[in-house]
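Colleague: Work out the full structure: start from the sequences and follow the hints.
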Amino acid sequence: MSDTSRPPRVRVTGPPRRRTASTSRTGAIDAGTRLGGIYLGSLLREQLWLALRVLTVLVLGVGLLPLAFHLVPSLAEVDVAGMPLPWLLLGVLVYPFLVVLGWWYVRRAERNERAFAELMSEAEE
Amino acid sequence: MSTLDAVPGIVAIAAVTVATLAIGTWGLRISRTTSDFMVASRSVNPRLNASAISGEYLSAASFLGVAGLVLAFGADMLWYPIGWTAGYLVLLVLVAAPLRRSGAYTLPDFAEARLASRAVRAACSVLVVAIGWLYLLPQFQGAGITLRSAVGAPSWVGPVLVGVIVLANVTSGGMRSITFVQAFQYWLKLTALLVPLAVLLVVWLGDGTPGSGAAGAGGDAAWSMPLAGDGGGPGLYTTYSLILATFLGTMGLPHVVVRFYTNPDGRAARRTTLVVLVMLGVFYLLPPAYGALGRVYAPQHAGSGSDVIVLELPRLMVSGLGGEVLTGLVTAGAFAAFLSTASGLAIAVAGVLSQDVTSRGPRGRRIGGVAAFRLGAVLAVSVPVLTALAAPHVGVARVVGLAFAVAASTFGPLLLLGIWWWRLTDVGAIAGLVLGGLGSGIAVAHTLAGEPVDGWGGVLLAQPAAWSVPLAATAMVVGSLLTPGRVPGHTRRLMVRLHTPEALGLDRA
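Those sequence lines, one after another, are chains A and B.
All residue numbers for the first sequence refer to this note's numbering, where the first residue is 1 and numbers rise by one.
All residue numbers for the second sequence refer to this note's numbering, where the first residue is 1 and numbers rise by one.
The set of hints was computed from the structure by calculation and includes no laboratory data.
Some clues are possibly wrong.
Simulated DEER-style distance windows between Cβ atoms [stated by the list, open to error]:
1. L52/A with G458/B: 29 to 39 Å
2. L48/A with D454/B: 35 to 45 Å
3. D454/B with W104/A: 56 to 66 Å
To be clear about the criterion: a stretch of chain A counts as covered by chain B if any three or more of its residues have a C-beta under 8 Å from a C-beta of chain B, and this derived list gives those stretches [as the list claims (entries may be wrong)]:
4. 38-48
5. 55-62
6. 66-76
7. 79-91
8. 96-110
Over 10 Å on every C-beta distance to chain A, these chain B residues come out as not near it, computed from the model [stated by the list, open to error]:
9. L190
10. A198
11. A298
All of these numbers come straight from a predicted model, not from anything done at the bench.
Just so it is clear, CB atoms sit at the ideal spot from N, CA and C, and this is done for glycine as well.
Modeller: Written out as structure tokens, the structure is:
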């Protein structure tokens, strides 16, 4: 190759597809057997359960704030470092809270998918 | 306004326009097929894509509207930016990866693939266009305000100018070039708020931090406290209704959803969304500070003209050349906000129109993909521009809030149930879309007409999500349970595709 600064083009592909293994667990899902349904159902439930847990934390951490300010008006008079507490919570702290929740979710969701992929490959080895 | 005052504004707007068209043209060189036009051939990496999503999402409502609302109404308005950010968290945990894995271009595509029904597709197409136009309307009105405030132009100049630039950009390069343009515009908008704010805060510190503390802002406790004053039942209802509208509405916005198809796979879609959360979180720290400073330095703007506070504040607080430069900077940011959001919406609406309307030429002739897309774009932009010229101004963030309410009452339940509930049927989906769309649509029409209704009726109509979302969701569930025989036969296979990682060798056909 004359142009040494540019690396050669590489085709990037996913792991090999094992369509032929009809006895495998992926095969069980593709064939629509009861066992396949159970595998898929377990992943779906796991992911939905994870999502609901994140949303519960969101509701408890953020969603209850209006009610708290409504029921305990004196909260709004608390000053933290020259800033009223509601402004500190609603204007600043809520954003890192959302990011941390999202980061936690992405980690757990990817772990669930890895576990599912391992479950699928076990039967084929 | 003297001609000299207009100089920084004119320079800023010209610079943003030139940069936008230049980046758009550069993107054109790698934009060739219909797939390039609509979804950038699905090859955009998470960080670039997240910048583009954030750049597209931060509209006139975020850049101008939030500060204006905070200035006028105080701490309760902080829920707007919170909801606009948290909406992405809800989208991340419930929708992002499955939606990408569904492999569809647009919301109507998703609905049709999931429910195998042309009728559901048609209902979704109508809603995408309606929500898109409703969201475009305040962008163009905001452009009118900005050009009037920055260069003293008559208010029709803004909508027409932004409309023309958006059309030029969208019809020439489509999504591919728009991706680069919008990524650039996120950083421009962030800089345009951050740098002036830093200077203004130094001025504020130099003045001895007037108005700080809970009793600050001229001792106006009702302003600085959430749910104070008339914050009894109606205040609490309005806040929670807004929370529901924004948390569930984000996933149903046509220009947001279309951007998820540009991720290479479901995992990338999740990571992109996480980066978007960070970018929005950083940005939304800034506008409320403008509102609070405005309360101290420009209380005369707290009335109906509060949308211009971001543009006016630098000039009011910093005199001379410094103030002019900062004014130019915020004007550039505001202009970028209209351009990016309006472009994204125009693409989404044009995409749907071109698939379902403009591809049918006269006498049954088919119009080709790219030509139909361009025709759709003209339609997508010209209708809201003309409406913006005719309709009265209702407050940028308020109208955008209503667009969220409509999205939350229609596409919100459709996406959630479609992705997570096997038994959804076309009959249930249509029942929910019609009821949710009509319910929230009546509220929108009422608000845009500007005739106030007293008491709880007015409160319920001003912020409909808290009743229209449950109404739509219930209709979808009940309608589906009544028609169990209409669950499409391919549902199980589609669920496999939506929820399993792409790396697995499963049949995704």
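Colleague: Run every hint past the structure and note whether it holds.
Modeller: Evaluated hints:
As the Cβ distance of L52/A to G458/B is approximately 35 Å, the hint placing it in 29 to 39 Å holds. For the hinted restraint 35 to 45 Å between L48/A and D454/B, the CB-CB distance of approximately 43 Å keeps it satisfied. Roughly 46 Å separates the CB atoms of D454/B and W104/A, a value that falls outside the hinted 56 to 66 Å. For a cut-off of 8 Å, the count of residues in the segment 38-48 of chain A with a CB near a CB of chain B stands at 5, and the three-residue condition holds.
Note: the segment 55-62 of chain A has 3 residues with beta-carbon separation from chain B under 8 Å; the three-residue rule is met and the coverage holds. Counting residues of the segment 66-76 of chain A whose C-beta sits closer than 8 Å to any C-beta of chain B gives 6, which meets the bar of three, so the coverage hint holds. Look at the segment 79-91 of chain A against chain B: 9 of its residues bring a Cβ nearer than 8 Å to a Cβ of that chain, three or more, so the hint holds. Against chain B, the segment 96-110 of chain A contributes 10 residues with a C-beta closer than 8 Å to a partner C-beta. That satisfies the three-residue criterion, and the hint holds.
Listed as outside the interface, L190/B is consistent with that label: its C-beta sits roughly 14 Å from the nearest C-beta of chain A, beyond the 10 Å cut-off. The Cβ of A198/B sits about 16 Å from the closest Cβ of chain A, beyond the 10 Å cut-off, so the non-interface label holds. Non-interface call for A298/B relative to chain A: holds, since the shortest CB-CB distance, roughly 19 Å, exceeds 10 Å.
Taken one by one, the earlier hints fail for this structure only at number 3.
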